[in-house]
Every structure is written in C-alpha cells, then in structure tokens.
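Q: Listed below, chain by chain, are the residues.
2 protein chains.
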Amino acid sequence: MSVENAKIDFKRFRETMEASSEIGRVKDTGLYRLALSDKDKEMRDLFRKWMEEAGLEVRIDDVGTMYGRRAGKEDLPPVLIGSHLDTQPYGGRYDGVIGVLMALEAIRTMNDYNIETRRPIEIVNFTNEEGARFEPPMMASGLLAGEFTKEFVHSRKDAEGLEFGEELGRIGYRGTEENRIKDIHSFVEVHIEQGPRLEKEGRDIGIVRGIQGVSWFEVTVQGKSNHAGSTPMHLRKDPMMAAARLISDLEELALEESVLMTIGKISASPGAVNVIPETVNFSIDVRSEDDEERNGFIRLLEERVGAIASLKNVDIDVDHTWTSPVTHFNSDVLEVISSKSESLGYSTLDIVSGAGHDARYINDIAPTAMIFAPSVGGISHDIAELTLDAYLEKCGTLLFEVVRELADRDEIAFDQEG
Amino acid sequence: MSVENAKIDFKRFRETMEASSEIGRVKDTGLYRLALSDKDKEMRDLFRKWMEEAGLEVRIDDVGTMYGRRAGKEDLPPVLIGSHLDTQPYGGRYDGVIGVLMALEAIRTMNDYNIETRRPIEIVNFTNEEGARFEPPMMASGLLAGEFTKEFVHSRKDAEGLEFGEELGRIGYRGTEENRIKDIHSFVEVHIEQGPRLEKEGRDIGIVRGIQGVSWFEVTVQGKSNHAGSTPMHLRKDPMMAAARLISDLEELALEESVLMTIGKISASPGAVNVIPETVNFSIDVRSEDDEERNGFIRLLEERVGAIASLKNVDIDVDHTWTSPVTHFNSDVLEVISSKSESLGYSTLDIVSGAGHDARYINDIAPTAMIFAPSVGGISHDIAELTLDAYLEKCGTLLFEVVRELADRDEIAFDQEG
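Heads up: the protein sequence lines correspond to chains A and B, in order. Here the first sequence is numbered in this note's numbering, starting from 66 and rising by one per residue. Here the second sequence is numbered in this note's numbering, starting from 66 and rising by one per residue.
The following block holds chain A by itself, in its conformation from the complex (with noise of 0.2 angstroms):
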C-alpha cells in the first residue's frame, strides 16, 4: 500500500455510522442523544473504546470533552479535527457525528498506512454542542474559548432541574481542567450542511466561509388569568392575544429586514383549556449574515414589544440571552481545504453557514474552517436527516487529506477576523 494513494476504508467508516446509528434511536432513522443522557454515554463510551482501539491517548476535559490524541514526530500543538456526538430531540444520525466519526476514520485510515506526521493530531468529541437539553448551546468550546467559566458550565440546569455538573459526574465523564486542550495549530470540523444549497447546486462539498450571526431572546407576556366564561373579550388582559399579534408581527418583520426568525418554543401558564392564562412565554432566534442587520432588526423588535404592550394592555419581558456575532473563518485552513478538493476533483460551493458550530468558538484561539456534506432537502435535526454515502465518502477522503497536510505544516498565521 502506498501513502500516496492511501484511502479512507468506507466500509469500516459505514460500520461505525451504523453502530452510532443504534445508541438512542428513535423511529428508525432518527437519534435521540441528549447531552449526558445515559444514550450519551453509551456513545463516549464505545467511542472511548474505538480511540482506544486505534491507539490513541484518550484524555475527559472538566467539561467532559473527550480528546484523542496521536502522536507527531515533534512535540508541536496539533491539528484538532472532529464536531459533537450529541443530537437535538428526534435529531438525525448525522449532524455533527459524521465530523466526529470522519475524524477517528481520518486516524484509522493514517494507522493503515503507517503515516506519520510532523504534529500530532487530536480528535475531539465535544459535549453538549446542541444546548437542547442544557443552555447555551456549545458550552465547551465556548470554555475553551473564555466565553463561559467552569462554574457557569457545571451550574447549568436542564428542564427537570437536574445540574449539568451533577450529570457529568453521575455518567462518569467529570474530567480535569488541565486536559483541556491548549495550543491549536488548526482546528477543521466536518459537519452536514443543514441547508438545502449543496443538493440544489449539485457540489460535492460545501466549503464554510463563516458563520450566521445568532441572538437568542426568551420572551414573557404577563397578562392577567380568568375564567375561559367571565370577562368580556376586549376587557381581558390576555397574554396569549398579545403574543400571537407580537410573533405575527414580527414575522412581517423579518421578511422586510432580511433576517431568519424562528419561534421554536412556547407555552402558556397555567395551562388549562378553560383559563386565560396568567403568562406566556416564548423563545426567539434571530440570524443573519450581517451583525448590522441583525442588530437592526432587533432594535425594531424592541419598539414592536412596547408598542404591543400598550396596546394589548400586558407586560412584555424580553431577556436577550445569547449572541453570538458572526464568525469569519481562517483563510489559510481555507486554502488548504479549497487545493484538497481541487485535486480530488470534487465540486465545492462557498457557504455561511446559519447554524452555530462549535468551529465558532475554536475560531476564536486557533485557526479554523469547516466542510459541509450535503444533506437531503436540507432537513436537519429531524428524524428524516440524510446524507447519501457517495458525499460521506468524499467528505471522509477530503478531512484525512485536509489533516494530513496541516500536520505537515509550519505554524498559520492566526488572526481573530480569520
């Protein structure tokens, strides 16, 4: 077997998919793997055991990041690949595991072949990059990144009350601080598109310029409740009347401004059939490849609450929980991934992605980029998530010649706007 013509085997990548593909499965093509959920460490501990297996030198942060790493010829800070293990409620078997999976295919495949490297490489299972079961989202590459401390990280609750610290522990991966991972020469993360641009241009990958600018708001519209049959309707303060006419508004104006806004959660208290209700509350995402833009809308939304306040007679809180502004990845990781699919002959398109990654934060201290595989009709974090093995496979082949060459390579210029 010759190094120059080495191959990832697709067949063994295939087989890890389907084995991941069972740890939390629902409806059958779907993933439900919630951050330290017991399914979540069913998957770290048969992933731990495949790091094992490929021999790496498998080390649990205090946050419970799971790294692997494998040695270079100098004692150089390595190229970090990989994405999260953990999916959304009725999520898909693909998301961010085939960044993940692609990565320990990339070390098995360097194994086959006996290649060595200059750096070392390190792979990385992230946790909780969905925030779906504890808030934010991508809490341990943001503590990587200084964004969030340790203790704001352990002290997280999710629905039930239950503290993210605790159930790290109870699952067994509460590691060290001092396994955190330090120096990065480069960090690459393989991820599906969540987007329909690939599949309707037709490209093999997707080549990810940056990342949507994200703001999240948690929205309370305090109303006054009362028996369904009492007070007349204009009478009411209702909660519920003024949310709807506030996310109906809102909705006009997103489209004028150009921006993504999504309503994804909302309920009303008390709760019950025959009562108006006391509050409701709802959450709002807003994105946009523009930090202007995004800020402009939100000003606006700000004078579209008070005015429907005051017309609806109720009290409207909005807490502006998480930004994140957008992100521009480093060039020179670019360049490497552009020449790479170049020489495979693979069809590219450049994307902005509009969903955060941890890519954004590792953006922050190291040098970053990511590579998209296409996803069918764009459908992500949903049961129905598909991405076709003739892309899985050129996506595989791009991130173990993309890891090779940046283990190779001198130190890269790293400037924070990439």
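Accuracy of the hints is not assured; some may be wrong.
Copies of one chain are not kept apart here, so a pair can be met inside one copy or by any two copies together.
[Claimed, not checked] Below are the EDC-like pairs computed for lysine to aspartate or glutamate, each with C-alpha atoms no more than 20 angstroms apart in a straight line: (1) Lys302 with Glu264; (2) Lys302 with Glu321; (3) Lys72 with Asp177; (4) Lys302 with Glu317; (5) Lys302 with Asp314; (6) Lys114 with Asp74; (7) Lys289 with Asp93; (8) Lys215 with Glu407; (9) Lys215 with Glu322; (10) Lys289 with Glu264; (11) Lys215 with Asp248; (12) Lys215 with Glu466; (13) Lys106 with Glu118; (14) Lys138 with Glu181; (15) Lys72 with Glu458.
Note that these hints are calculated values from the structure, not bench results.
Following the hints, put chain B in place on chain A, whose structure we already have.
A: Quick look at chain B alone, frame taken from chain A:
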C-alpha cells in the same frame, strides 16, 4: 334555640374553609388540588370524616363522587346540594369548594336545631369537575346524566399517561355503580361568580338562570421542522407563524361576533430554541349565551383555518372535542332562591354563567339551579381568588334556607328546558 330563627354557625364554616385551604396550599392563598391527586385524597378523607361526624350515611360511587345522606321523615327522592373539592393548577380556595362546605354547614345547622325535613338531603362532592387533570371537565355529573359511560371516564388519561380508573383505585375512592344517586328531587349548587358583575353592581347574591354554551377544540398545525439558520423565511412551512396568525385572526373574529374565545394551552414540538417546529398544538374554548352565535362563530373559524393553512402552506387539523349547549335552569327552584333571598333582605342579580358547572349536567335529569357568591375583581381559577366573609355568610344562610324549603316540598315539575 328556636327552629324559626335557626342560623348557620359562620365561625364553624370559616374554620372548615381554613382546614380545606391548607390541603394543597400554594403561594399562601392558592390551592393546587388536582382531581385524584394525593392532595385530593387528603381532602376527601377529611370531608368523609366531617360527614360521618355530622351523622351522614356516606357513599362513594364508581367514579369517586362522594355523597352524604341525611334521612328525611319520608322515603322520597332527596334534595341534593354541593359542588366539587378539586381545583385548577394554582387555583383558588373558594371556587366550588364553598358549594361543598356550605352544604356541609347546612346539614350541621340542621343537626344543631334538630330540624327534621320531609325529604332526605344529600350533600355531594363531584369528582373531577375542573377537567384540569383529566379532560373533559364535569365527568362525574356527566356520567349521572348519561353523557359519558363509566368506561369512558375510567379510561381518561392525564398528561403523564396515568388513567383515571387506576388513579381512583390508588387513592381508595373507587366505589360502586349502585352508589350513584338516582332520583333527585332538586339540586342546588353554590359557587363563586368567576366574573366581576356582582361586585361591580354591589349585589349580595347571583341567581344563576343558566349557563353559556361551550365548544372545545384541539388544533394541530403541522409544518416542516428544520434548523433555525437554514431555510429562508419565505420558503418555510412554519407551523408557529401559521398558529400565531390564526390566533390573531380568530381574536378579531371573536370580538366582531361577540363570543368569548380563549386559548389556554399551546405547545411546539420538538421544542428547541434553534429548531423550526414540526407541529404546534393549541386549544380553543368558545362560549356564548346564544347557541346560534356560537355555531356561527365556529363556521367562520373553520373557514379561517382553511384560509390560513393555504396561505401559510401548512396542514391544520381542528378536532372538535366537546360541546355543551346553553343551559336553562329550573324556574321553580329559581323561584325558591329568589323568594328566600327577598325574605332575608339580600340584593340579587340574575346571571348567565360563563363557566360550566356540574349543575349543567344534573339539570338534564332533575330540577336544578345555582347560587353565585361575589368574587373580588371577578378573579377565579387563580391564587388571588377571594370572596369576602360577609358574602360567604349570606350565601351560606341562603343555601340553608333554600334546602330547608325544598326538602319539605312536593315533587317539582321537571322539563329539560327548565
């Protein structure tokens, strides 16, 4: 003590209220005493003890409704008085509870004065009037009226999937079908107003002529889930935006058509901040004093649903889960309440109840009417619920006088249209 000047013992009634107000107490002044919960069992056990201490013969029927019988001089159909001891989540202390405890106080007062009545008197605590834990509401009185079967009632499930029949057995209140009350001479239910009219007009007593008609719907809006950062707004099939627009439109329609409309429950699935929902579910409660107006609104509602589904590119399913037409109470029973109010010197107001009550179903099988006590600010189903002592005393006195009168009467002409 002369029987002619017999008076209820208001201090004793207040103490009884206070004992009830401790069982399931939340936030100082509220009650959270859902049907067939541990707190409901605790309240039932105490109420059974009180009935036994008052010399009543206690029976439990096959859906857990509790009866306490005081014998009459003749073995005739009894006069029935009472209401329900279950509450909404974070409900109040008064609601139907006063109807049960004033019935108990009427019996205790009769015992104090050794009053014998021609007919037996039975006091009643209907199971699950609220429908907050097991839908629909008023299942126990509906069973007596032939509206629901025992099998239907027993198979109802709460939000956690627990079955009514099993929960009834668990708390020890699964009695027998033969214990159901059969022939009822007349039924009088005392309840708080659940609206502001008595307080606003400064009246002591509400004489309840009937109950508004009600229809319940469960709406399911089905769209297409996806990540919040991908699909452009105008290409989404977003069930939340469709639901918000529909609710806003229906509010306008309800205002135009002079019906009462309430959306008390809403949820989005899968329910994550950064995921466009796949489905949004909400309830609709529509009420009117006029069945034609309510039915006319429902026709317009169905038209609007079709229009929004088409406009927003989603599927909307509207499941009509329950309807109760307008109720007219019995004129002879109402006349007894009127004349006793007059002789006691109480100011009264004729009212049509916006809320459903067990009296609505019992009205189908026996001469029935209701008495309302004023509620401060019209608040109900809320921890802030309050009926002032002066009104509680008048209401209790009136019930005592009304039941004395009815228990000596001949049969009352019964006509289902009242």
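Q: Any of the earlier hints contradicted here, and which numbers?
A: 8, 9, 12
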